[in-house]
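**Q** In order, the protein sequences belong to chains P and F. Our numbering puts the first residue of the first sequence at 1, with every later residue one more than the last. Our numbering puts the first residue of the second sequence at 1, with every later residue one more than the last.
One should not assume that every hint holds.
[Unchecked claim] In silico DSSO-like links for lysine-lysine, alpha-carbon gap of 30 angstroms or less:
hint, chain 1, residue 1, chain 2, residue 2
1, F, K54, F, K70
2, P, K296, F, K143
3, F, K143, P, K105
4, F, K70, P, K105
5, F, K143, P, K305
6, P, K296, P, K105
7, P, K105, F, K113
8, F, K143, F, K169
9, F, K228, F, K70
10, P, K107, F, K143
[As the list claims (entries may be wrong)] In silico contact screen, one side only, chain F against chain P (beta carbon under 10 angstroms); selected entries:
hint, residue
11, S71
12, A115
13, M168
Hints were generated in silico from the structure; no laboratory data involved. Positions of the beta carbon are idealized from the N, C-alpha and C atoms, including for glycine.
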Amino acid sequence: MQKRAYFGLYIVIAVLAVLPLVVPNSFYLDLAIRMAINAVIVLGLNLLIGFAGQISLGHAGFLGIGAYASAVLPTHFGWHPLLAMGAGAAVTGLLAAVLARPIFKLKGQYLAMATLGLGIIINIAIRNEATWTGGPDGMPVPAMGLMGFELTSDKHWYWVVALMLSVSVWASINLIDSPFGRALRALHGSEVASQVVGVDVVRYKVAIFVMSAVFASLMGSVTAHYVGFVTPNLADFFHSIELVTMVVIGGMASVYGSLIGAVLLTALPQALATFEGWETVAFGMILMVCMIFMPKGLVPTLAAKFGKGD
Amino acid sequence: MALLDVNKLSIHFGGVKAVQEVSFSIDAGIVYAVIGPNGAGKTTLFNLITGVYKPTSGEIRLDGESIGGKSPNELAVRGVARTFQNLQICMNMSAIENVMVGAHLRLDRNLLKAALRLPTLTRRDAEMRVEAAELMRFVGLEKYIEARADSMPYGALKRLEIARALAMKPRLIFLDEPAAGLNPKETIEVDELIRKVADSGITVVLVEHDMKMVMNLSDRILVLDYGKKLAEGTGEEVRRNPDVIAAYLGAHA
């Protein structure tokens, strides 16, 4: 299983390395960057949803905290963007850790409702604090500088994001096949059995929730700097649902499923743009068909069909 | 001193007194069986001692330390393992990973070290994989070392639970109906396996309906009926106890 998993990583790295040479124009490079950003978020979210079996419908909220930390702190307080990014991630991690304990006493739909509420509260806070955040109109974000070198061109961003994605894939594969990862999967498979062998289930749920929230926050910061502008839509409920959909379509508990889910669902609205006004309907139809015929998600279904493990 | 001391243990679910003032003690190194008709409270008693339920009243002592109300993961630290009557196998994992999860507390659970794949952690993990394969051979699952848990037959999963519990290196293991649903041949094999486990120095507590197995294996037997202790003693003592005969065969027997 392990060798095959790392083989996938090499393919990912190869694709990421070759991609900028073959994309015809900057439109596709931009698309690739957004795919990669989503892929990192979805990887983190899949660790929570697919591997540990816990739902979160509020992850766009964490993404929003990261994005707005990167917008507000450098603009209003003159912080260095990297420091702001770290602060956003730290605040997100702290918030997730404090709230996770009461939240993870809940299960199933109650957990979904609690995380949903959390995401909505963060979104409302961003919309209402207009003096700091620009309210519903959003605000511009200063450029990210790295040691006197300004990250402005899409090419630079591409390499930064590609590196982040490669590292995330590598770390996820490592994590899943470790005592920590087995404990996560075990509490999903049988919570009582995992407790009986000594897994402190609440601690593990909290840890992976915090980790996936921090992933989202960091990528929120990256999005903010890359796009150069943030709006509250980044943090809204629909974005949370979109992220969960990427996990489910790509395949729960599948690292490469996360990547495929993120790539497809980022590209799909672009591909469907020709339907003019009907694209949402087409989008919904495709999701429905996927779920009816491949309830386990694309990658696990195809892997089972062609007789390979993930 | 006894390894496990249970004193006037009770649990009530609303008005239902599932276990009432049950007292007994188990010496280290023996095989101890808990029997009784369906609904007598055997599994509830297991759930109380292994921390799945919190007792309403009473005391449980392990090596003199009070463990009543402690959670299952705290008891795991103290060397208490168990299997389940209704299988609790992680079907989202391979068979050998299920066994490796049993060794959770014996491995480095650090998240960061795992994500960075530090050699100290992976080396220990590789050793554990070898040990888990050995345990699978020990319980007679050599055929399934490479298998996925969800492709294994019921009888094999029962043993996989035992292998997982053994991976904890427990002092005390609770087996909840290890022979339930097995055919006679498999029952004999599980019987032998439990004997091997006991011989390795682990104290075994057993809930089982198969009387031949119970009489064959157990040093002492506790009989429960309607949540109360009906009798306790060696197989011979219990077999001759008139209350036990009445409970099993009806009052007029």
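**Q** Taken at face value, is the distance from the CA of K113(F) to the CA of K105(P) at most 30 angstroms?
**A** Holds: K105(P) and K113(F) sit about 28 angstroms apart, inside 30 angstroms.
**Q** Straight-line Cα separation of K70(F) and K105(P) no greater than 30 angstroms?
**A** holds (17 angstroms)
**Q** Taking only the CA atoms, is the gap from K296(P) to K143(F) under or equal to 30 angstroms?
**A** holds (28 angstroms)
**Q** Given the hint that K228(F) pairs with K70(F), test it: the Cα-Cα distance must not exceed 30 angstroms.
**A** Holds, at about 23 angstroms.
**Q** Against chain P, is S71(F) within 10 angstroms by beta-carbon distance?
**A** holds (7 angstroms)
**Q** Compare the distance between the alpha carbons of K107(P) and K143(F) with 30 angstroms, and conclude whether the hinted pair is satisfied.
**A** Roughly 37 angstroms separates the two Cα atoms, so the pair is violated.
**Q** Going straight from one Cα to the other, do K143(F) and K169(F) come out at no more than 30 angstroms?
**A** holds (23 angstroms)
**Q** For the pair we were handed, K296(P) and K105(P), check the Cα-Cα distance against 30 angstroms.
**A** holds (27 angstroms)
**Q** With chain P as the partner, please determine if A115(F) meets the hint condition of a C-beta pair closer than 10 angstroms.
**A** holds (4 angstroms)
**Q** Would the pair K143(F) and K105(P) pass a check requiring their Cα atoms to be no farther apart than 30 angstroms?
**A** violated (40 angstroms)
**Q** Once the shortest beta carbon distance from M168(F) to chain P is found, is it less than 10 angstroms?
**A** The hint holds - M168(F) has a Cβ within 10 angstroms of chain P, the shortest such distance being about 6 angstroms.
**Q** Between the alpha carbons of K143(F) and K305(P), is the straight-line distance 30 angstroms or under?
**A** This hinted pair holds, its Cα atoms lying about 24 angstroms apart.
Hint violations for this structure: numbers 3 and 10, all remaining hints satisfied.
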